[in-house]
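These are the residues of each chain, in order.
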Amino acid sequence: MKEIKKNSIRVLAVLFAAVSFYLLYSGFEKIISVDLPVSLALSQPQAIFAIILSLFSGALAVGLWRLKNWTKTAISLLSILLIIIFAVSEIFNFSTIVFAGESITPLSVIVSTFGKSIVNLLLNCGIPLLLIIGLKFVDEIFLESETQRFIVDKFIQRALVFVGSSSILVVFLIFIFTFIESSDAILNIGLGELLTGTVWRPGYIIGDQSGQFGLVPMLLGSIYSTIGAVILGVPLAILTAILLAEIAPPAVREVFRPAIELLAGIPSVIFGLFGMVVLAPLIRNFEIAGNSGFGILNASIILAIMILPTITNVTEDAIRSVPDSYRHASLAMGATRWQTIVSVVLPAARSGIIAAIILGIGRALGETMALIMVIGNSIAIPVPLDNNPLTILLATTRTLTGNIAVEINYAAGVHRSALFFTGVLLFLLLLVINRLAHFILREKQPS
Amino acid sequence: MIKDIAMIGKKSTVIDPTRNLRQRKLTQNIAFTFIWLAGLLAVAALLFIIYYVIKNGMQVIDLEFLTTRPAGGVSGKGGISTTIVTTIYLVILTITIAAPLGIGTAIYMVEYTSDLSGKKGFLGWLVNTIRTSVEVLAGVPSIIFGLFGFAVFVSYLKLKFSLLSAGLSGACLVLPLIIRTTEEALLTVPKSYREGSLALGTTKWQMIFDVVLPSAIPGIITGIVLSVGRVIAETAIFWVTLGGSYRLPQNLLSSGRTMALHVYMLASETRAFEKALGTSAILIVVIIALNLAINISSRQFAKKFSGK
Numbered sequence: 001m002k003e004i005k006k007n008s009i010r011v012l013a014v015l016f017a018a019v020s021f022y023l024l025y026s027g028f029e030k031i032i033s034v035d036l037p038v039s040l041a042l043s044q045p046q047a048i049f050a051i052i053l054s055l056f057s058g059a060l061a062v063g064l065w066r067l068k069n070w071t072k073t074a075i076s077l078l079s080i081l082l083i084i085i086f087a088v089s090e091i092f093n094f095s096t097i098v099f100a101g102e103s104i105t106p107l108s109v110i111v112s113t114f115g116k117s118i119v120n121l122l123l124n125c126g127i128p129l130l131l132i133i134g135l136k137f138v139d140e141i142f143l144e145s146e147t148q149r150f151i152v153d154k155f156i157q158r159a160l161v162f163v164g165s166s167s168i169l170v171v172f173l174i175f176i177f178t179f180i181e182s183s184d185a186i187l188n189i190g191l192g193e194l195l196t197g198t199v200w201r202p203g204y205i206i207g208d209q210s211g212q213f214g215l216v217p218m219l220l221g222s223i224y225s226t227i228g229a230v231i232l233g234v235p236l237a238i239l240t241a242i243l244l245a246e247i248a249p250p251a252v253r254e255v256f257r258p259a260i261e262l263l264a265g266i267p268s269v270i271f272g273l274f275g276m277v278v279l280a281p282l283i284r285n286f287e288i289a290g291n292s293g294f295g296i297l298n299a300s301i302i303l304a305i306m307i308l309p310t311i312t313n314v315t316e317d318a319i320r321s322v323p324d325s326y327r328h329a330s331l332a333m334g335a336t337r338w339q340t341i342v343s344v345v346l347p348a349a350r351s352g353i354i355a356a357i358i359l360g361i362g363r364a365l366g367e368t369m370a371l372i373m374v375i376g377n378s379i380a381i382p383v384p385l386d387n388n389p390l391t392i393l394l395a396t397t398r399t400l401t402g403n404i405a406v407e408i409n410y411a412a413g414v415h416r417s418a419l420f421f422t423g424v425l426l427f428l429l430l431l432v433i434n435r436l437a438h439f440i441l442r443e444k445q446p447s
Numbered sequence: 001m002i003k004d005i006a007m008i009g010k011k012s013t014v015i016d017p018t019r020n021l022r023q024r025k026l027t028q029n030i031a032f033t034f035i036w037l038a039g040l041l042a043v044a045a046l047l048f049i050i051y052y053v054i055k056n057g058m059q060v061i062d063l064e065f066l067t068t069r070p071a072g073g074v075s076g077k078g079g080i081s082t083t084i085v086t087t088i089y090l091v092i093l094t095i096t097i098a099a100p101l102g103i104g105t106a107i108y109m110v111e112y113t114s115d116l117s118g119k120k121g122f123l124g125w126l127v128n129t130i131r132t133s134v135e136v137l138a139g140v141p142s143i144i145f146g147l148f149g150f151a152v153f154v155s156y157l158k159l160k161f162s163l164l165s166a167g168l169s170g171a172c173l174v175l176p177l178i179i180r181t182t183e184e185a186l187l188t189v190p191k192s193y194r195e196g197s198l199a200l201g202t203t204k205w206q207m208i209f210d211v212v213l214p215s216a217i218p219g220i221i222t223g224i225v226l227s228v229g230r231v232i233a234e235t236a237i238f239w240v241t242l243g244g245s246y247r248l249p250q251n252l253l254s255s256g257r258t259m260a261l262h263v264y265m266l267a268s269e270t271r272a273f274e275k276a277l278g279t280s281a282i283l284i285v286v287i288i289a290l291n292l293a294i295n296i297s298s299r300q301f302a303k304k305f306s307g308k
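Here the protein sequences line up with chains A and B, keeping their order.
Residue numbering for the first sequence follows this note's numbering, starting at 1 and increasing by one per position.
Residue numbering for the second sequence follows this note's numbering, starting at 1 and increasing by one per position.
Rather than coming from a laboratory, the hints here were simulated on the basis of the structure.
Do not take every clue at face value.
Cross-link-like lysine-lysine pairs, in silico, BS3-like; alpha carbons within 27 Å at most [as the list claims (entries may be wrong)]: (1) K154/A - K68/A; (2) K55/B - K120/B; (3) K154/A - K204/B; (4) K136/A - K5/A; (5) K6/A - K68/A; (6) K191/B - K303/B; (7) K25/B - K55/B; (8) K304/B - K191/B; (9) K136/A - K120/B; (10) K154/A - K191/B; (11) K154/A - K120/B; (12) K68/A - K204/B.
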């Protein structure tokens with residue numbers, strides 16, 4: 001049996017060798033047939049590719065003949081790669097025919113296209129698939145020396161250092177690129193004007209460069225809507241967390257926790273859409289001149305729902321991490337469960353709750369698309385609509401995030417740079433906020 | 001806290017203890033009612049949003065809606081077929097880029113350098129920096145990733161508004177998520193598994209690849225499914241890197257439009273709310289399905305090692 005397996009592998013090796021010679025021949029033929037100096041002929045990409053493939057295939061053939069383990073791995077990986085490439089191209093073909101039209105594709109076309117795709121896939125993937133299965137079947141006859149295993153081990157350990165550094169690279173690139181892109185704005189407009197200017201009027205409309213780039217309206221828009229979200233959302237979120245961690249029976253928790261998690265997963269555009277089609281008409285019921293239904297109130301309600309899962313989850317964790325002995329001691333003193341929660345558990349979980357609120361604020365400041373949809377997007381400092389100062393809630397405005405998203409796709413020059421500066425500002429703000437939250441959470445651990 | 005309890009003791013000597021207890025019970029009942037109301041309100045808000053979107057969305061969903069492309073322009077007509085396909089492409093692309101990096105980083109952090117964090121020297125510094133970077137990335141709002149993708153991939157590398165730009169930017173978004181969930185999954189694999197493997201004479205990599213990773217697969221898949229949900233739900237990044245063409249992408253460098261992006265464009269630019277609700281309904285159903293899958297798989301994963 002072992003001999004048969006060995007011999008079949010050697011047949012495969014001969015096949016690979018044959019492919020290698022063929023590729024070598026065709027590659028050189030191309031180079032020779034072109035009536036050019038050798039140096040130019042060598043720049044024929046197809047020929048070079050064929051020769052490289054030939055060398056690779058030759059190496060595989062030698063490896064297979066000598067029953068080396070690495071050839072098995074290499075061939076399996078290559079086969080998987082081939083299968084993926086074929087599958088992807090078939091999916092592209094299939095969807096182009098079936099889904100790209102403006103009218104319904106007839107069922108017969110769908111079925112026939114699907115059939116064709118499957119047949120194509122089987123024909124193309126047949127050989128790689130057979131190779132993988134076959135190699136799995138004769139797995140045990142491949143040899144692997146101690147040194148090889150050692151080399152692989154070391155190589156992967158080194159390679160993982162680079163893989164692991166990828167997140168450092170991303171953070172670094174975000175810093176570098178946003179700062180470089182915003183330098184133009186800092187130099188030409190000036191930090192003072194950017195941070196204290198109250199007018200945002202990019203020059204692109206007039207076509208000159210005399211735009212004004214003050215970020216105060218957006219800063220205020222972000223701050224107001226975040227404050228609104230905190231006022232509405234934080235009590236709700238913390239009470240929900242208390243419910244989940246302390247009061248609710250397990251059966252209720254089993255239902256509520258996934259619901260809160262689901263809330264975190266719902267796309268922000270759906271919240272925005274909800275604000276547009278449900279909340280805006282409701283808010284429009286306030287009979288005040290200039291009330292469009294969009295604005296800070298709408299944004300705050302939507303944001304409050306969106307930050308709820310963040311705050312609830314972190315708060316619940318904080319409450320749960322309070323040792324049970326605290327609760328037992330308090331209850332043993334004759335305190336009711338509510339007294340225990342208020343005077344023992346919540347104070348003990350205080351830092352975690354603060355961190356939760358900070359994280360919620362971060363989430364609110366960073367939210368983009370939902371806010372664009374409900375806040376009205378006017379580029380003005382929000383002011384009360386009439387004498388009642390509360391009507392400021394109905395004023396439309398724009399957030400820092402929204403400012404970037406709305407304008408970046410067509411901005412150029414200083415305008416674009418000013419938008420990147422908005423991004424830098426937001427990035428630094430959130431960096432501070434998140435570091436603060438992590439710092440508080442970490443401080444809490446030892447106690 | 002101690003003062004409060006002392007106060008209670010003092011009072012009870014002055015006033016009738018039963019009455020005092022009754023009062024405290026009353027306070028508790030009122031407070032608990034509010035807490036229950038808050039919890040119910042939170043869940044009710046969620047249920048109402050889901051109900052509203054699905055009920056109103058169902059009215060426009062039919063075969064034509066699902067299998068024809070948007071008509072384009074500001075008409076708001078047509079179906080959503082190309083946006084569904086683009087979403088699937090983008091999810092596959094993003095995960096293909098992010099998963100190897102994320103899982104590799106997590107393996108490096110848990111298996112190779114878990115004893116190095118907080119230590120001095122280059123590797124110690126590196127490990128701490130990676131950890132900080134992952135935390136920073138997790139807190140960066142998506143519009144910043146969008147801005148970054150716009151600056152680096154769209155403009156600097158000249159990939160234009162394309163699937164590739166969007167996939168690369170999206171990968172940055174889900175990278176911390178995959179790293180974190182994979183790390184957690186690896187940490188739940190019992191130490192005895194590793195010791196058993198090493199004792200049989202395997203190298204460290206063989207131990208990781210043949211023993212630790214297969215045991216941690218359910219946890220890793222949970223992380224990947226979570227990332228799929230994030231990519232499907234994400235709009236801001238793709239708004240500034242994907243372009244928004246309603247046609248089907250022909251290759252990695254063509255522009256496209258995801259379902260979430262389509263919702264935004266329908267609602268904000270063409271005011272076609274019915275179609276936007278229809279698209280949202282499909283999105284919500286997909287997200288609910290993903291969440292269910294995560295719940296089931298993570299519960300089974302927890303069960304797997306809890307018996308030890």
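Evaluated hints:
1. With a CA separation close to 19 Å, the supplied pair K154/A and K68/A stays within the 27 Å bound.
2. With a C-alpha separation of about 59 Å, the suggested pair K55/B and K120/B falls outside the 27 Å cut-off, and the hint is violated.
3. At roughly 9 Å between alpha-carbon atoms, K154/A and K204/B fall within 27 Å of each other, so this suggested pair holds.
4. Pair hint K136/A plus K5/A holds up; C-alpha atoms about 11 Å apart against a cutoff of 27 Å.
5. Between K6/A and K68/A the CA atoms are separated by roughly 12 Å; this keeps the pair inside 27 Å, and the hint holds.
6. Simply put, K191/B and K303/B have alpha-carbon atoms about 17 Å apart, close enough for the 27 Å limit, and the pair holds.
7. This hinted pair does not check out: K25/B and K55/B have alpha carbons roughly 43 Å apart, beyond 27 Å.
8. Between K304/B and K191/B the alpha-carbon distance is near 15 Å, which keeps this suggested pair within the 27 Å criterion.
9. For the hint pairing K136/A with K120/B, the CA-to-CA distance comes to about 45 Å; that exceeds 27 Å, so the pair is violated.
10. Taken as a hint, the K154/A and K191/B pair is honoured in the structure, with Cα atoms around 22 Å apart against an allowance of 27 Å.
11. Between K154/A and K120/B, the direct Cα distance comes to roughly 22 Å. Compliance with the 27 Å bound is thereby established for this hinted pair.
12. Between K68/A and K204/B, the direct Cα distance comes to roughly 21 Å. Compliance with the 27 Å bound is thereby established for this hinted pair.
The structure is inconsistent with the numbered hints 2, 7, 9, although it conforms to all the rest.
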